[in-house]
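Undergrad: Given next are the chains, with one letter for each unit.
Number of protein chains: 2
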Amino acid sequence: MTRQELFKQIIQKQSFLCIGLDTDIEKIPPHLLSFADPVFEFNKNIIEATRDFCVAYKINTAFYEASGVKGWQSMQKTLDYIPENIFTIADAKRGDIGNTSSMYARAFFQKEQSGFSFDAITVAPYMGEDSITPFLQHKNKWVILLALTSNKGSEDFQHRATDGEELYESVIRKSQQWGDADNMMYVIGATHPELFSHIRSIAPDHFLLVPGVGAQGGDLQKVAEAGMNDQCGLLVNVSRNIIYAEKSDEFSIAARMEAMKYQKTMQDLLQSRFPS
Amino acid sequence: MTRQELFKQIIQKQSFLCIGLDTDIEKIPPHLLSFADPVFEFNKNIIEATRDFCVAYKINTAFYEASGVKGWQSMQKTLDYIPENIFTIADAKRGDIGNTSSMYARAFFQKEQSGFSFDAITVAPYMGEDSITPFLQHKNKWVILLALTSNKGSEDFQHRATDGEELYESVIRKSQQWGDADNMMYVIGATHPELFSHIRSIAPDHFLLVPGVGAQGGDLQKVAEAGMNDQCGLLVNVSRNIIYAEKSDEFSIAARMEAMKYQKTMQDLLQSRFPS
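Residue numbers (my numbering), protein chains in the order written: chain A, 1 to 276; chain B, 1 to 276.
Just so you know, the hints here were simulated from the structure itself, not pulled from any lab data.
Where hints are given, some of them may not hold.
Pairs involving identical chains hold if they fit within one copy or between any two copies, as the list cannot separate such chains.
[Claimed, not checked] Below, simulated DSS-like cross-link-like pairs (lysine-lysine); rule was C-alpha separation at most 27 Å, straight line: (1) Lys152 x Lys139; (2) Lys247 x Lys141; (3) Lys111 x Lys70; (4) Lys261 x Lys111; (5) Lys152 x Lys141; (6) Lys70 x Lys44; (7) Lys222 x Lys111; (8) Lys27 x Lys111; (9) Lys77 x Lys222; (10) Lys27 x Lys141; (11) Lys152 x Lys174; (12) Lys13 x Lys77; (13) Lys174 x Lys77; (14) Lys139 x Lys27.
Every value quoted in this text rests on a predicted model; they were computed, and no experiment measured them.
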């Protein structure tokens, strides 16, 4: 999916919501456990219930790998079930030397080889240029590079300053030599709302994938005010708060209600920036 | 496997060789393609041929994921085929917020959940403490933390200095608050042989996993001289130079010869440090 197409979806749906399918078999409603593939059954219901209110789904690979081969099967079925016009993210945090990153690109982008064709993959920047560029060689595919993450551990290394520039700033600046706003996004945690204006000064055009709203406590309003650009430029991810809104038989209705709430807030935010 | 047991294996086998199973279906001998699982068939032959000369196998997850679900099946069969007394590494470069890293630990350490029980996993440090500690809660399991990698891109961020301390040094120093030499190793590329003495001054007891010998050009002799500690403290990885030593029917014999060559060199290096 291109940047233009993504923006179009955002305007059409009046939403920049990304829903994280962090599906943990130990947390899904117990009645689903009788299905052959409970994780897929859960996801299918969640997707049906929420697809009208989000523009992206983010599949957190860890939750699928935790069930090994079976988990990868659930992941494949889930990806296949997501409607064409919804942006798909493999939240995989991969990245390795060049020839290995090429294999990861094959794994997540080349359906004919691996069965998977996500629109985007999250990549960790620690290993530098050649760990990132192999992903950028795939047309209309995206690298979403970790810059400033939402967790407590983001304080350990991401703020280390060299000549006045912090590590996450260096990642954003340097990576713009490798890719551009049409094939690269950045992960910026909602738990750092005060930094969004600053980040926009160094990456004005890039989409930002923003985790940390919801369970992690980030503030959607503040993020949107400081982070939105002239193509919206934001995908705000919510996982647990939506998919585990309710553990009963009514889980998908509860998820739908919760997704709708986020979408309504986003609609207001979009309307004030892009009045229809 | 404990550090003591690993050292015992090294002395018994007179080897600190780790063989990287970076098995690319496009590079294996063509006659194997008629098997139901060519990748596993290749690995089985390589393991049979080389198991006497190495103390560890490193499975590069990217090469398996590149074939999707089928690749994960090959990976599982391969892991199951590796003899008990050989140290196994998931070269997976994972790392995410705490609850997600817990799922990765389940994926790679907890056989009853995922089918996989590696001894160790490689982890990227960018996301800091809570991305690493969930792996450390598993008894006799190891985190192998990326510190100074072997690739060109290691120059992009890993040498950024803050108050005189480079990022990779900060990773080594700081992570010693989270784990110790009994559950944590570091990746230090053989392509930086001049830095091994320095690294030993900040991590005297930790095992180092050293990629970059062989195809990437690192120097085994220099690495051993500066990097060996009183429990050897080194696992030197060779992948392509061994497993693709030859593309004919004789590929496993060629791999065996190549592995033996590395083992002989290592034997000399071990003998001069630990005379029998």
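Undergrad: Each hint: holds or not?
TA: Hints versus structure:
no. : hint            : verdict
1   : Lys152 x Lys139 : between (35 Å within a copy, 24 Å between copies)
2   : Lys247 x Lys141 : neither (35 Å within a copy, 34 Å between copies)
3   : Lys111 x Lys70  : both (18 Å within a copy, 13 Å between copies)
4   : Lys261 x Lys111 : neither (34 Å within a copy, 40 Å between copies)
5   : Lys152 x Lys141 : between (30 Å within a copy, 24 Å between copies)
6   : Lys70 x Lys44   : both (16 Å within a copy, 23 Å between copies)
7   : Lys222 x Lys111 : neither (38 Å within a copy, 43 Å between copies)
8   : Lys27 x Lys111  : between (30 Å within a copy, 20 Å between copies)
9   : Lys77 x Lys222  : neither (36 Å within a copy, 49 Å between copies)
10  : Lys27 x Lys141  : between (32 Å within a copy, 26 Å between copies)
11  : Lys152 x Lys174 : both (24 Å within a copy, 15 Å between copies)
12  : Lys13 x Lys77   : within (25 Å within a copy, 45 Å between copies)
13  : Lys174 x Lys77  : neither (37 Å within a copy, 41 Å between copies)
14  : Lys139 x Lys27  : between (37 Å within a copy, 25 Å between copies)
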